[in-house]
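*Asks:* Protein chains in written order, with the numbering used here: chain A, 26 to 451; chain B, 26 to 451.
Hint data in this document are derived by calculation from the structure and do not stem from the laboratory. Computed from a prediction, not measured in an experiment: that's the story for all the values here. Each hint should be verified, as a subset may be incorrect.
No distinction is drawn between identical chains; accordingly, a pair holds when it is met within one copy or between any pair of copies.
[As the list claims (entries may be wrong)] When the alpha-carbon atoms are kept at most 30 Å apart in a straight line, the in silico BS3-like pairs for lysine-lysine are as follows:
1. K341 - K158
2. K303 - K81
3. K308 - K250
2 protein chains.
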Amino acid sequence: MISDQKSVHSSDDLEPVAGNGLLHRRVFLTGGIGLAAIALTEPASAEPLPIESWMKVPGAGFDGYGKPSKYEEKLARTWNTAPGTTGTGAARTPLHLLDGMITPNGIHFERSHSGIPDINPDTHRLLIHGLVKRSLIFTLEDLERYPRESRIAFLECGGNGQLLYQKEPVAAGVQAIHGLASCAEWTGVKLSVVLQEAGVDPKAKWILAEGADAAGMSRSIPLAKAMDDALIALYQNGERVRPSNGYPMRLLLPGYEGNMNVKWLRRIKLTEGPTMTKDETSKYTVTLPDGKSLQFVLPQEGKSVITRPSPGLTLKQSGLYEISGLAWSGYGKITQVEVSADGGKSWAKAALQSPVLSKALTRFRIPWRWNGGPAVLKSRATDETGYVQPTRDKLIAMRGSRAIYHCNAITTWAVSEKGEVKHVYA
Amino acid sequence: MISDQKSVHSSDDLEPVAGNGLLHRRVFLTGGIGLAAIALTEPASAEPLPIESWMKVPGAGFDGYGKPSKYEEKLARTWNTAPGTTGTGAARTPLHLLDGMITPNGIHFERSHSGIPDINPDTHRLLIHGLVKRSLIFTLEDLERYPRESRIAFLECGGNGQLLYQKEPVAAGVQAIHGLASCAEWTGVKLSVVLQEAGVDPKAKWILAEGADAAGMSRSIPLAKAMDDALIALYQNGERVRPSNGYPMRLLLPGYEGNMNVKWLRRIKLTEGPTMTKDETSKYTVTLPDGKSLQFVLPQEGKSVITRPSPGLTLKQSGLYEISGLAWSGYGKITQVEVSADGGKSWAKAALQSPVLSKALTRFRIPWRWNGGPAVLKSRATDETGYVQPTRDKLIAMRGSRAIYHCNAITTWAVSEKGEVKHVYA
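The following block holds chain A by itself, in its conformation from the complex (with noise of 0.2 Å):
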């Protein structure tokens, strides 16, 4: 068969797509990138390879739950705490180490308002009332013997790239500007089911959501997502949802801002409108240039942001590089990531790696080639509704310098001579 194998790619494939450097997408979709194209490896002495240390010896036993390797020690979440307090804060994934759209539960994203409760959940349980025909607790046993269902999805925190609300550009990375969001496989049960179990009050439009962490943190949902494709969230990534994810169990509201996707739940209440609760006043409005606030700004809006190259990984040589990151919207699915090289004076479309599901992160990538000259890094999203990504400037405009939250504009990296890679608005 090999002697049927061609050059996969035309030479066409390598001529630039957009300015500085970009490459048509398709020299990854046809697998082969060719010998011109990328010459990184040193030529093979006769002999072979040396035997290393590690082969001269029985290596490591067996683990009942294993770790990464010690080699790996950067691949850790951050965090940050209110004055006072260890445990009232956010923790941030490491999205620049990261690869694919699934992130591991040990570096999930958290964000919690008083600590990880500690949690039994032989007595934890789940209260169901206000305006249902009968109210019902439900114990973790109760719960599994109902129907599940899975699906891949992003949770975002409202809060997350607030960095870039600031007038001049920190010096950062996309753990301390974006890590606010990550992406898993959950599962658990429909949460239309129990709510029908319950029998739905007409009069009941909107349900109030509230965690048994010492926070009590509490928002107002509307029914309608309750009934559409919210989640009782019983595993994550296979196993059963993290102390610091909402163990044992956490609502998903995929698509939504983090903080409704309650953790530790512990109650739903059906109320005619929103409760108002502190978390959905004082915190996680959107305040406007005129001083007023939305409120209730529920899904999280088209967003990209390239994750390699990016500050703190340095590019050490002209050549060949792939531009990798990830796009994601509360709205659907992903249907195109541009990616520009000059600052946004021209673009190309990166590659989308399938399945492109709803709701979940989507990585992108695209080849480019560096020149070893300075490059203006961005991406932009759009999702099936046709929402594009804004810039800066235009997110600015409309909201002020004001807001906090719901900051989904385009991120931009500038490559130096030296191939250091900072944060920048351009």
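Using the hints, position chain B against chain A.
*Replies:* Below, chain B alone, put in the same frame as chain A:
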């Protein structure tokens, strides 16, 4: 909107679709199971839920790389090792405790022939040689500049399920019998890209892949597979491949038997024929009744197993349950899983969790009303090539009693009147 909400299933949905209580999968797809079908819940009193101890104090703080809840101690691999060794053997995934299709990295199965080598990624090298235009040596940093691809794929040890070849049914459950199968999102560089870079000699028809473990585990692979969908995997579920799964790089041959997906990959040699290594002559062959062995049985054939209920998961009362399990095929997508509750007399189609991906674990589910009497549960997978998972009798008739590998026979669980689940041949 909820005022328009109606009971979303007709009473027909709760009529059995196969013997001994199997219900139509539509019960799930339409999202309602109805008051009459299941009443596990206790009525709530007028009082709110009690304030549990964990709501009265701030919870735990943040952690760089998190762990499962302390209440999930059972979530661990179990293993056996060859006499006198600590790292030669196999560790099994607790599939009965998982849901969804992803296996968390900490409990992905592993099979090691001389333990897990402690590889320094900075000094690790990958050599491409043999029938190539020029030999090449890659550092990890070299490989990182190549274009990447992600795919969700199952891995299964060729020896998984071999307990079903035993004359009497072993008193064991899913983990012991089928736990050498897992599924992850793998990201890496297409092997074809690297081989094209080296320049494939038309005489080459096979490759030899060798690991950097002390066993020098090595296998021969048809070049056609190497040029098709083979990946040099660098990432597993988003993060770097785990040491137990080949850090810093492993081969991924979607659908092919586990040990061909060589871990700790250090060398690929292009050859005219298979190399006949110890790992494909003394082992990993399928011995037939006449004493001859089939060599190079490469893809894992279509298979399924019910994970819930299964041994160790006892049904505490009669009523509605979900029967759930996993199906997979090394030939492509799963197209159908049938379930029987009466020992194979009648079968009903289970619902398949989307997205159904080629050569990935596929979750199936079907509602079941257990009447409290004896039941005999089986599942049977069909893949897109039309291949149907065989009964144990049929497989034994073909293979005799001397076979060890590639046991994909239907597994049977018997449910007693006490709700206990047992492995049986029936």
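*Asks:* Each hint needs a verdict: does it hold in this structure or not?
*Replies:* Cross-check of the supplied hints:
no.	hint	verdict
1	K341 - K158	between (66 Å within a copy, 28 Å between copies)
2	K303 - K81	between (61 Å within a copy, 18 Å between copies)
3	K308 - K250	within (21 Å within a copy, 55 Å between copies)
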